[in-house]
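Protein chains: 2
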Amino acid sequence: MEPLVVIVSNRGPFSFEPVADGSFSVQRGTGGLVTALGALAEKHDVLWVAAAMSRGDFQWAKAHAGRPETVEGVRLLLTRPNKKAYDGYYNVIANPLMWFIQHQMWDTPRSPSITRETWAAWEKGYLAVNRMFAEAIAATLKAETRPVIILPQDYHLYMLPDYLRRLIGDRAQIQPFVHIPWPGPDAWRVLPGQIRTAILSSLLQSDRVGFQTEKDAFNFVQTCRFYLRDAHSRGTRDTVYYGERVIKSIAYPISIDTQKLAVLSEEPQTHLLKSQLYNFVSDRKLILRVDRIEPSKNILRGLEAYRTLLDEHPEHRGKVQMMALLVPSRMEVDEYQDYLRDIMSEAGMINAHFSTPYWEPVRIVVGDNYERALAAMQLYDVLLVNPLTDGMNLVAKEGAVVNQRDGVLVLSEYAGAFFELGEHALAVSPFDIYGTANAIHQGLTMPPGEKRQRAEALRRIVEKADIRRWFYDQVDDAVQALNSQDRKVSTPSTP
Amino acid sequence: MEPLVVIVSNRGPFSFEPVADGSFSVQRGTGGLVTALGALAEKHDVLWVAAAMSRGDFQWAKAHAGRPETVEGVRLLLTRPNKKAYDGYYNVIANPLMWFIQHQMWDTPRSPSITRETWAAWEKGYLAVNRMFAEAIAATLKAETRPVIILPQDYHLYMLPDYLRRLIGDRAQIQPFVHIPWPGPDAWRVLPGQIRTAILSSLLQSDRVGFQTEKDAFNFVQTCRFYLRDAHSRGTRDTVYYGERVIKSIAYPISIDTQKLAVLSEEPQTHLLKSQLYNFVSDRKLILRVDRIEPSKNILRGLEAYRTLLDEHPEHRGKVQMMALLVPSRMEVDEYQDYLRDIMSEAGMINAHFSTPYWEPVRIVVGDNYERALAAMQLYDVLLVNPLTDGMNLVAKEGAVVNQRDGVLVLSEYAGAFFELGEHALAVSPFDIYGTANAIHQGLTMPPGEKRQRAEALRRIVEKADIRRWFYDQVDDAVQALNSQDRKVSTPSTP
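These protein sequence lines map, in sequence, to chains Z and G. Each residue of the first sequence is one higher than the one before, starting from 1 at the first, in my numbering. Each residue of the second sequence is one higher than the one before, starting from 1001 at the first, in my numbering.
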């Protein structure tokens, strides 16, 4: 029997606004997950469960009284979390605590602190919202007779496997995917033992856990071994043995929508922006970066590397143009504001020091314009992607596909994309400003033959691994496990 | 044949000042290593190699022209590093970079940065000074016919094993000891691959590497496996197989000089300070901390936990006294100055909020007075030791031995001492302010019987493991290896 595939994520694929006649207008999200979903829905029966966010979402959810409803060909169930619980879950635990732990972005002597409020947000927020998700799913599955595959997405839903197992037992394959990096055991020391144990042992109620890279998958196994007395790896790199359970830790590197990208690159708006950029850059070589304004993206050290380049290699002065397209992100958070201030100030100092009447060495563009980014990516000579850590980094993949100048990719060895693209990029340690400057120089002076070879290799790799493939691979593994379970029926699934 | 034991450390056991008649006055250091040395010198022939520091040291070293000289029963060799090389070795690489990596104390979005100066300090500083040490040792050993055991101390000398092997081959047992924490692989990502590989593969030229705890020893094995292609652990937790070499990773927890402590506790000065403190604390319960002013000691979160205690348990107001004895450290470094400012400001705010005409809730004493610390340690009801990470933390051990009130130890699970003392202490996650406040409350309200039982258990454990034992254990392991080498003669020592 064909299985039902349940995707669970904090944010859903659509948002709703009530319109005059009592119905709702639907806005489709733009993320890669939504694109991939379309492809998945062609092959499988899909139910997507997410939290209502906007007022309109809540009204839509209320109108359907907790039952799934088909929207643009997808069955959707929106849960309605209590506002205070959601705030603790999202604004205290998931985003500031889990996200920062997994990106190792602390100023450790001062933050984070686990306070009374953190404990309250854990118990009445994160646990409560995860339990609410599990209960909504369990209620929907009550009348379901097909085999079920449940795919919880990311760091908001780490407690879901535990609650699901209690409610629905072993009848479903549970297979979370973690979109952000999974660091080694040390990073998890920040959590009190009780919270850490709850998260790890919940994830081990899954059948398999998906990560962006093999390093993340390996780190997950190590973290479980390090902190859970009953977790073992028995010499493997990708399996956790936990009591009676056997959990696989697997890399499914996410990718981009290459088809959509090809279409967007040819739109008139993109062409227009490209010709404007072309005039601005003129015959200079373009060193580009495109990032959310986010400390883990390491934008500051990128500027310092550019300064070092101009210091060490004065021959590039006036012959290169650095451009940073920066998309505002979480600007209500102090750390993010401070980070943007430091970026602007460093850029100003570089321009004050090196500019001439005819040359502004670095141009920072703050704003969100995807067509502009696409236009710039077509033109770069060097693309600088130097995050301190990054789950995947899709800019590296997008650049590889749309660039038209055999541009060189300077890539941090701690971007998830490094595992697929590192061989054909110039690798840098993101902390090494001097090394990064040298890599940019190497990119600027690389012989055309080598540039072409590398650029073509990068493009081939990315085009082969479209975003659709990413979801298919995960569901295929779950289906295979379901089938082999069927064959064994009453024999236990652990060796 | 009895072996020669060579101790190598950045700082030596003595410092010298020239006196009028052309000879030198000698000042003996006070650290635990110097004490342990005395005991070691009773059982073995010891040569101590260190760097000249002061002007007087340089003059003494010059007077002896690179030959060892016996000082107070110890043969001493002082090397004379070039001033600029030493500066790069000590002030660029060892203290700011290695120390911070191993304590994971970064504000990662901004520091550290590996710059041109870092690379220069690595090559012309750290490598040069390590090579100089190795050459001085090799020259001294030229005429040596006995078996040799070389014990390099701490993070200043990571490159020594490599240079030593090149100069003297396999004739010596090389056995470094790392006094500070060894974190897991993630922390080492900060170093460029070339530097990281050099350090790890140098340490693997040793026969065994000593650490404070089994966790550090395990982390070392993991770090080597993670970053060196040819390093394997073959399922063990404590062995690295590296090419033809087999390297053991072993915990030798350092301890304190319990005999000296007993003597100092009975000195008149200590008694005087104790009675003064007694008057100050009066019938209140004393919550004590004694630390260098150092972000890794987590003094700020300790104060915040105290504030939480007074908030959550108003019954303690006016009945407890927090006292923090803080020893100035690296006060020329901005981070350390800022940290002290934040501590003073937090203490001021707590006193402003909770003080009464007869009660100052927290008293900060900045200064270095060991007798005062000893006096206070005799009197505490609760000793707060909550570092974010700490190689060992000797305050926890000293307190356990000298306290006279069956005081309760509140101990961070990330202090090295936790491995020996954790069972009888109240364990806290150092990031968890709320949990730390609860542990202090538990300590303040613990029944006398349980307090006595725990205090006695702690005292017994520390008294059993005196500092002398620590050096003996290491040398015993090396001697045993030498003996089994002798027995095998020409068979290779790897399986």
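Read the hints as simulated data drawn from the structure, not as lab findings. Certain hints may be false.
[What the hints assert, rightly or not] Computed footprint of chain Z on chain G, listed as stretches where at least three residues anywhere in the stretch have a Cβ under 8 Å from a Cβ of chain Z:
hint, segment
1, 1044 to 1053
2, 1391 to 1399
[Said to hold, decoys possible] Taking lysine to any residue pairs in the SDA-like style, the calculated list, with each CA pair at most 25 Å apart, reads:
hint, chain 1, residue 1, chain 2, residue 2
3, Z, K215, G, W1359
4, G, K1215, Z, D238
5, Z, K248, Z, D238
6, Z, K319, G, T1115
7, G, K1215, Z, K319
8, G, K1124, Z, K215
9, Z, K319, Z, Q194
10, Z, K215, G, G1422
In this text the structure is predicted, and so the values were computed from the model without any measurement. For glycine and all other residues, C-beta sits at the position ideal for the given N, C-alpha and C.
Here's how the hints hold up against the structure:
no., hint, in the structure
1, 1044 to 1053, "violated (count 0)"
2, 1391 to 1399, "violated (count 0)"
3, Z:K215 to G:W1359, "violated, 55 Å"
4, G:K1215 to Z:D238, "holds, 22 Å"
5, Z:K248 to Z:D238, "holds, 6 Å"
6, Z:K319 to G:T1115, "holds, 24 Å"
7, G:K1215 to Z:K319, "violated, 52 Å"
8, G:K1124 to Z:K215, "violated, 34 Å"
9, Z:K319 to Z:Q194, "violated, 57 Å"
10, Z:K215 to G:G1422, "violated, 32 Å"
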